[in-house]
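Put together the whole structure using the sequences plus the hints.
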Amino acid sequence: MAKIRLRRGEFALDAEFDCPPGITCVMGPSGSGKSTILAVLAGLALPDAGRIALGDEVWLDRARGVEVPVHARRLAYVFQGLALFPHMSALGNVMYGMTDVVRGDRPRKAQALLDRVGVGYLARRRPRTFSGGEAQRVALARALARSPKLMLLDEPFSALDRELRGQLTALVRELVAELAVPLIHITHSISEARLLADQVVRIDRGKVSACGAAADVLANLAAIEE
Amino acid sequence: MWWVDAVDWAPLWLSLQIASLSTIVTLIAGTGFSLLLAWRRLPARHLIDAVVSAPLVLPPTVLGYYLVVVLGRGSAIGRGWDRLFGSPIVFTFTGAVIAASVGSLPLVVRSIRLGVESVEPNLIAAARTLGARPARVVATVVLPLAAPGLVAGAMLGFARALGDYGATQMLVGARIDGTPTASIFVMEQLQANHDDQVFAMSLATTIVGVTLLYFANRLTHRLHHQRA
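Same order as they appear, the protein sequences are chains A and B.
Quick note on the numbering used here: the first sequence kicks off at 1 and runs consecutively.
Quick note on the numbering used here: the second sequence kicks off at 1 and runs consecutively.
Keep in mind the hints are simulated off the structure, nothing from the lab.
Here the structure is a predicted model, which means the values were calculated and not measured.
There may be inaccurate statements among the hints.
Said to hold, decoys possible - Partial pick of chain A residues on the chain B-facing surface, computed with a CB cut under 10 Å:
1) 39
2) 71
3) 72
4) 82
Backbone N, C-alpha and C define an ideal beta-carbon position, used for all residues, glycine too.
Following this line, the structure appears as structure tokens:
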């Protein structure tokens with residue numbers, strides 16, 4: 001459950017929504033506040049008011065002064081530009097978040113995650129040698145290494161071609177089904193939302209304008225756009 | 001080569017020792033200041049920045065005067081140091097390292113800061129979401145990616161410290177245990193009309209400085225390339 005209110009100059013965000021396990025696509029025009037919602041959920045931005053709770057675990061409650069720092073929130077965040085560490089190998093990137101895995105077990109577990117997303121062969125290589133699709137997969141593996149309770153994806157597939165995008169959305173679907181955690185995915189693309197989403201939240205100028213089962217919201221959206 | 005034997009190399013050796021220690025001091029202090037100044041919510045950030053940068057715009061003798069006031073025998077720090085270590089800061093090797101460090105600190109801070117501020121904010125955010133506390137973010141992401149700036153800062157700091165004249169002259173005088181620093185030596189020999197000594201020492205310091213710049217540039221370039 002997330003309830004967020006925040007003001008930055010002209011921009012005001014006032015959003016409240018629930019995220020059941022499964023995939024929630026957050027949609028809306030540029031500048032509507034989609035990325036800000038993710039930043040607040042991750043703890044990278046602090047709202048003026050609001051409450052964020054994951055089950056009975058409260059990450060933020062401004063009214064009660066609860067504010068769990070970013071590093072203590074178990075979440076997987078895949079950034080728009082992916083933000084892979086350029087000075088570390090794929091394996092190093094994936095191991096970075098394994099803070100509560102015994103040091104000796106980390107390489108094996110990281111390798112298993114890279115294998116799981118289909119890029120085990122990249123383990124020793126640095127990000128600048130990856131193709132677009134490979135980088136996405138490594139970023140996913142790195143995010144999963146945290147054993148997250150919440151996954152956040154900020155338009156990670158926007159720069160990819162259709163075929164790759166299809167492969168990766170399928171992979172994300174599988175992973176979410178395995179982990180049974182809520183995943184919030186920002187996207188511009190109705191077709192991507194159709195492939196992925198169980199639920200859709202539509203944001204307009206900082207406010208939730210529609211929220212519900214993917215089929216319903218997307219049908220309405222498609223009707224508006226036509 | 002005639003000039004290698006004709007010259008007393010002790011001043012150059014002394015200057016190299018002072019510059020090396022000063023580089024270590026300024027790298028540590030410079031990294032601290034750079035991280036502090038990169039933090040946008042730091043109170044009085046611009047004032048601290050201006051004070052750290054002041055040695056760049058002050059005449060070296062003025063800087064030296066301030067050092068004498070703050071570290072001299074009559075000052076609280078000077079007396080405390082004397083009591084602790086049994087020798088003053090003025091007229092000593094320690095004083096020369098401090099004078100060289102204060103003079104080169106702004107250059108070091110500027111270089112490291114450029115490196116620190118060039119680290120993509122998303123990489124820092126990513127490290128935080130991956131469970132890293134601030135100290136770990138700095139040690140594993142910010143500083144490794146700012147390495148070219150650290151190398152450039154060390155190089156500039158060393159070169160500046162090697163050539164320090166005014167502040168050192170003010171705080172330490174012309175000699176440390178009977179030996180002048182290289183730049184003071186050049187001045188003294190020039191006044192004594194020992195042209196060959198002046199030429200040899202100038203050539204030697206130039207060779208040391210240019211060689212250092214050359215290798216540091218190559219290293220910076222390589223680090224930059226690896227991190228792109």
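Quick rundown of the hints versus the structure:
1. 39: holds, 8 Å
2. 71: Result: holds, 5 Å to nearest chain B Cβ.
3. 72: holds, 8 Å
4. 82: Residue 82 of chain A check passes; min Cβ-Cβ to chain B is 8 Å, inside 10 Å.
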